[in-house]
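Since the structure of chain A is provided, determine the placement of chain B on it from the hints.
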Amino acid sequence: GDSVTQMEGPVTLSEEACLTINCTYTATGYPSLFWYVQYPGEGLQLLLKATKADDKGSNKGFEATYRKETTSFHLEKGSVQVSDSAVYFCALSGSGNTGKLIFGQGTTLQVKP
Amino acid sequence: SQTIHQWPATLVQPVGSPLSLECTVEGTSNPNLYWYRQAAGRGLQLLFYSVGIGQISSEVPQNLSASRPQDRQFILSSKKLLLSDSGFYLCAWSAGRQNTEAFFGQGTRLTVV
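Sequence lines, in order, name chains A and B. The letter at position 108 of the first sequence is residue 108 when you use our numbering, and the numbering goes up by one with no holes. Every position in the second sequence, counted from 1, becomes a number in our numbering once 1000 is added.
Careful, some of the hints might be misleading.
[What the hints assert, rightly or not] One-sided and incomplete, this derived list gives chain B residues near chain A with beta-carbon spacing under 10 Å: (1) SER1001; (2) ARG1097; (3) THR1100.
Worth flagging that the hints you see were computed from the coordinates, not collected in a lab. Backbone N, C-alpha and C fix where the C-beta goes; we use that ideal spot for every residue, glycine too.
Isolated chain A, as found in the complex:
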């Protein structure tokens, strides 16, 4: 079945460091790919998305490119801030019209001043 695998966390970085969180997927068909962010004690917020191969999603300085050849959707940011500390989830859309999302296990990012 469809699945999403994220790199293990936690990831600890100093402010202004570069960030990469790896995400790979297994899917039949042509899913859309998403990154969600969860701040402490809150629900998930959509960070960015890509709907087809080679699409680049971007938001708030974060980027991710839909790589069909490597089945990857890695999240990147050139300079992280303390306020980026959160849990990041990679997800793909399931098949059919149910709108179900399949999530990775989440990666905790801690940015230190």
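Showing chain B alone in chain A's frame:
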């Protein structure tokens, strides 16, 4: 614009007591609705989804049930809570089209004691 409301934000319940969590969506009609659970330090597990009034699909066997009495209302219930039901419960909605994103509520932190 669309909004999703979920309550209560936190709940502490004794083992064996009943549960009712409610979720409502505003600003859209005929949404797909979802209940996810997030166990401590883990990813999201889809519990139930609904594509219409009275239509409920269960993803995993468990001690919980869901109902959709109105188009934009989704309820998660249990007759007798177990310790293992503790977790962070998230309601979400999507437009129901293939490959579309989901939007999440703020979540309910349930602790069964």
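The hints, checked one at a time:
no. : hint    : in the structure
1   : SER1001 : 14 Å, violated
2   : ARG1097 : 7 Å, holds
3   : THR1100 : 6 Å, holds
Checked against the numbered hints listed earlier, the structure breaks hint 1 alone; every other hint is satisfied.
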